Each structure stands twice: as structure tokens, then as C-alpha cells.
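*Asks:* Protein chains in written order, with our numbering: chain A, 180 to 706; chain B, 30 to 332.
Simulated from the structure, these hints should not be mistaken for lab results. Here the structure is a predicted model, which is why all the values come from computation and not from measurement. Don't take every hint at face value.
[Said to hold, decoys possible] In silico DSS-like links for lysine-lysine, alpha-carbon gap of 25 Å or less:
1. B/Lys168 / B/Lys178
2. B/Lys312 / B/Lys236
3. B/Lys153 / A/Lys674
4. A/Lys674 / B/Lys236
5. B/Lys162 / A/Lys210
6. B/Lys236 / A/Lys210
7. A/Lys639 / B/Lys162
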Amino acid sequence: MANRKHIIPLSRWRQLSQAVCLLLFLFLFSKTDYTGSDQLEYAVNIIFRFDPLIATAVMLAAKSVVLLLLPALILVALSLLLGRFFCGWACPLGTLIDLVHPLLKSHNPALDTRFPRLRYGILAFLLSAAFFGLPLVGYLDPFSLLVRGLTLAVEPAINHAATSFFTFTYQKAPALVNLVTEPLYDFLQATILPFSQKHYHLVYLSMAILATVFLLELNQRRFFCRNLCPLGALLGLLARFGLMNGAGGNDACGRCTTCRNICRMGAIDEQRHIDMAACTLCLECLDKCPRSTIIFNWKKPLTLQTGYSGSRRFFLGSLTAGALLPLFTNVRGLAKVTNQRLIRPPGALGEKEFLSLCVRCGECMKVCIGNTLQPVFLEAGIEGMFSPKVDSRLGYCEFNCTLCGQVCPTGAIRELQLTEKHTFKIGQAFFDKNRCLPYARGIPCMVCEEHCPTADKAIKFNETMATNDRGQQVQVKQPFVVAELCIGCGICEHKCPLPGAAAIRITNAGETRSPDKALPVASAGYG
Amino acid sequence: MDRRTFLHHVFLWTAGLTVTIPRFRVSTAFAGQSSTSRLAVGKDIDYGLLVEKTLAALNGMNAFIRPGDKVVIKPNIGWDRSPEQAANTHPLVVKALVEHALEAGAAKVQVFDRTCNEQRRCYKNSGIEDTLKGLKNKKVSLEHIDQRKFVPVDLERGKSLSRMEIYRDVLEADSYINVPVAKHHGLSRLTLGLKNSMGVIGGNRGKLHFNLGQKLADLATVVRPTLTVIDATRMLLRNGPQGGSLNDVQISNTVIASADPVAADAYATTLFGLKPEEIASTKAAYDLGLGEMTIDNLQIIEV
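Based on the provided sequences and hints, a complete structural model is requested.
*Replies:* Right, here's the structure in full:
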């Protein structure tokens, strides 16, 4: 056996670090919620601010320096010093992939990375496309992908499972059983379960994307990290030119390829050289090397080692694709007429800037206490998928809440002060008088007016005579919207008691962030 | 058979193993009501004292709670508004009632409401959560609504509604104390005690707004408060039921208490310069014989 130099194998320290980082991540994820204070104490958004991929892509897209993302420089510096350690020691997605790997182990794993150039191509494409006006980085950024999948699919499903189970025991099981299950349910609710059951559009799509990342383990270990991850590619490039060096085996190793066989990243070639652009410093090879010959140090060899040097044509091709594809975005119908039901969260920047900065992480949807923030499918174009919109039928924007602006890692939704939020118009309510009960059938209702949150209500009513559906003249209160007061929060649409579509609906007309959508003002004339 | 006995029987017969959700039949027979409804009106700037002396005028909390009782106190916590905005019951009024319930020997005091705005925000910003936590008493619980606890109840005397989902804890309580805040409401003009009981029903409440007054009266045939305490310490006069502007709030430092839910609503209506019969729910409940609404027939004790 190996003559181990360390009582505790070095890879154990790595596993400890992975566990701590994953728990920290999950802690921050579960704390991304209202907890009784208008200001959040913790949010998982911090992780996005250390992400140099997001920082680069967002700044290229916005063509400005986004101060919120400058902490990413810390990870850049650390990667220059320590190589691609982040992927092996910290990344929560990487850790989860390592955790599920034993379940999805392939019997005949491929040692060599399937598509060794692909991640660089993806990286080049994403950055180039971002610069030329098609921001897509959120689709594949590992944190976006993970937080989004957990938020939109995994957490709601877990909560639903728990609620169903404890509802069953509560209603059907003997009292004795409930002596155990009820305290357990209370405990779970107080700790890991979310406060309320959320419902999201695109739950299957989000789940499928996340699941695919894990299922790719069937093909080869850390498939996503090796072949696809654009952040991994970027950190790998830093590592390649950075200081950390791994001295692999040498001719004296003979036929032994233990290190190569166990490397989860395919970073060790047949000559047992270590490619620092791929190596995540998991240190398994160091622990398992029979001759203890592998060393990591800061002594770079005089010549750059082997490993992927990049095919210039593939790289340039990806860059060009990223530059050309955005040409089509400006000739879409969307470029002239936007979807009127695309209502963005309060504090969202103008649409183009908003999409440049939004990284589709789903944080705003996670924290939204009204469950009104929902992922967009294709209403905002191919680059808008998973960006947030307000779905007023599903939920509503809580009048005194500013959490979405607080958790947005990039400032795509800026943080509003409460007084500003109270007048920040995200849209405008319109009545459908063919359906609204007091208009259509002479039936009293006024639920919308009751819930309208502005201090001077944006929904007012006229008391008038109307014909009901039996042809009788009845006195009824008929509501109407005062455009200057309505901020589009959508509580009226959400609470409208009609089944199906509400009789009052929000559109993004008049939204504060788009001056061109301003509504006509009676005093100023129109047209 | 009262609610409690009924539930005991259900559990005995089934050994606690109910196969379906029990449907409750709540007795709607009248307990021997006195010919005149007594009603106390208190006025004071110290809300603790205010509640105390108003209750004292009705022989104190002991008249409504026996030692060992399970008590539900149901304030209005419907809105994400601060106490001074007068959309929710004042936390000090709630606190005083909870304290009196404990003094009267309550084994458990539950406080809850099914809110309109996000529930945590309502509990927090109404001031009620923090005030009750300050009591540090394990018998007191401020719980969020548990959807599993809504049970269908037949309204045998209901004219507009025949069935409703009602919160189990209210049905099981020995004493249900209804503590609305007196305020303006666009549709029903005012929201008082009968309207406040909407906070114990499940399902789509928006659908009730047609013929709301009658439906509230129907609900009152089964959800019958042992005591109604109307908080008129601050009165929201316009833009109800949630207000938002202090310009719409009038400070009145008044509390009304009565065992007769209709009488309490009727008297509170007069504080707004309206007549009791102008509030549809009061009129409908009176017509169902649930209480007295003629002010002259009330025995009013002012303190």
C-alpha cells in the first residue's frame, strides 16, 4: 500500500470544505425569505457576486462596471494562485454532482473528457453574445442553474411531499401517530421547509435542466464540469496561466496509471502530466499515488505543459457565432411590440438593460412572498427565458415588500426604498366590464377595491343603477381604476373571485421603467 | 350537545381514527338569553385599563371563561399595516384580553386570523406578534392558519349559504372571543364583529361578496362568540378596510363589549353616525334572531 504522508488524507480536507460550502449554500438558500424584517439578513445572492463568469458576461452585456460584482475579483485572484480549486473544494453544484455520482456510476467510464474544447467554445460564445446584445449566461452558469432548479422545482416539490404526508397523518392517522408526526412537522417547518407552498411555471423545464446535469454522470464523471461549465472553463484558463502547478508522475512510474484512472476531471494524461486547466485539486491522486510522487506547488515548469491549447478556429467560430446571432434579435416582432403581459418586478431596469443584467438565478422568485414572480418562457424572446415576470393571477406584489430588489445579485432589479416602491408603477389594472359582476350582471362584488393597497385607493366606485341578469334595475357599486394612483401590484387581479381569467387584469402599460409606455393623461390631451 | 361533547363522542366512537374528515353539526339552539342585551362602552387613553374596566362592567372575564377553558381570541390581523393605521385590532387591546383570559384560568389561549396580505407581514407589522411574544406565556399561541384545519360545517339555519369551511379550533373552543377593529369598508360600509368572523372560514372568500350581509349572518349562526369586543380605539373612516393614510384615522379611545354580537355591531355603527339597520349583516343577523339591534332595547353601561 501507499506510504501515506498524511494521517488524515488530504482529500478528506477537501470533502470537509465541500460539505461546509454546501451547507452554507443551503443555509443561505433557505434564508432567502422574509423572516419578519423588511431587510434581509442573509441571501444566497452573495455567491453570484463572487462569480467571475457572471461578472464578465454582465459587464460585457451592460458595457459598464457593475460594482456589485467586483467581489468576483477575489475568486480571480485565488484561482491564479490556487488553480481551479473552486470547482473541487467549494462549488455547491460540483459537490452535489460528487454526491450523486455513486448512484449514477457508469461501469465503463470514459477517461478522456468527451468534448475537451466545448466548454471554451461555450464560454467564448456566451461572452461574445453578451457583448453583442444576446445575454444568455444565466442558462449555463452553474449557480444560476442550481439556484433556479432548487427554487422553481426541487424546494416546492419537497414541501408538497411533506405537506401531503402530514396532512394525511393529521386527517387519517390515529391520535397516537399524531403525537409524533405533528411535532415533527412543526420542527421541519421551523427549520428546513419553506414557509408556504409556492407554485411556479416552468417547473418541469427547470427540473429537467438540473436533472440533466446530474444524469450526465452516467456518461462520465463530472461531465458538466469537464465539458460544459463555462465558469469552470474560465477558472481553468486562469489556472492555466496561474501559479499553481501539479507535478504528476514520471517515467519511473512504469505502467502505473492509478492517478489517471481515478481523476474525476480527466486532467491527467497517459504521460501522467497534470493539466491545470482541468484539475480541480481534489487531491485524490496525491492520496492514492503508490509512490507518493505527485506534488502540487507553485513552481511552474519553464514551458507551459500539455493540455488543451485550444483550436483557434473553434474558438473564433464560437466568438463569431456569438457576434452574429444577436443580429436576429433586433428583427424580431418583439423588437417592435412587446408582450403587454410581460410585467417586470418593481425596480426592474429598462427592458434591454434588465435582460443584460439578469442572470436567471431565480432569487427574486425564491424570495417573492406573494409568489407572483414567475419565470418567463418565450414572451421576452429567446434570451429572456427564466427572467422574472409578475403573474398577477397566481400571486400579487405585496405593497410593503422590497425583497426582490434586495436579493438581485446584479442590480437588474434595483433595491427600492419603501416610499419609492409605493409609487413605482409596474403596470396598470384594466377592467373587463363584460365579466366584472357589477357591470355585467348587476351583482355587488368590490373585492378588488377592498384589497387595493394604495392609501388613496386606485380603485374607486360609482354607486349607480344597473340592470341585473333578471332584467331588474338594481343599485350597485361599480368599480373603476384611477390610472394616476394604480401601481399595477395585481392584488385586484389575484383576488378577483371570478373563476378563470379575472375581470380586472394588469398590463405593463404605463410602467415607470419604460417612458415610451406612458399612459395618456387627460389634462395633457392625447394623440 | 355542545361542540366539545360532540367532538369527544366522535373521538370515542372512532377511537380517534376518523376515516373521513368529520362534518360538524353545530347546535344553533339558543342558550337562555336575557331579555335585554347588556353592552359596555369604555373610554380611556390607557388601552390596558380601558379593556379592564369595560370587561368589569360585564362582571369581568370570569363571566365568559371558566378555569381550564380553551379560548380563541380572534382579532383582525388582516392587513400589512401598523397599529396607528387602524386597519387591524390594536395589539394592546389583544394583549389585555389575553391577559384577562389567562387570569380567568384559561388553559390555552389561541390567537389567529386568516389574513388578506401576506400572513407573516400582517402578524408582524400589526404589532400583535411582538406584543404577544412579550408575554412569554406558553399557554398563549399566535399561530398561522393551518389549511388542514378547515372543516366543512352545515349551516342549518343559513338562508344564503348551506355549508362553509370553518377553522376547527374555533369550533372546538370553549370560549370564542371576537375582537374586530371598527372601520370603514367599501362594500359593506363598515366592518365590525360579524365581518371579522370571516377570518375563520376557508375557501374562496371573495365569492361571498354577493349578498354578503346575509352570508355573514348565516356564518354567525354557527360561529357564535362568547364575547365580542369591538376595538374603536382608532377608527378608520375612509379607504377601508385597509386604509394606509393617517388622515383617514380618528382616535376614539373607545372599546365596546357585549355577549350579544348583534348589539355590539349595532352600537359601534352609531359611532360612525350610521344607523344599525344600514349595515346589512347587522340587519340580517337581527332578522335571524341572533341578537338585538335596537339601541333603545340595550342595557348600555358606560365606563
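*Asks:* Hint by hint, which ones does this structure get wrong, listed from lowest number up?
*Replies:* When the structure is compared with the hints, numbers 6, 7 turn out to be violated.
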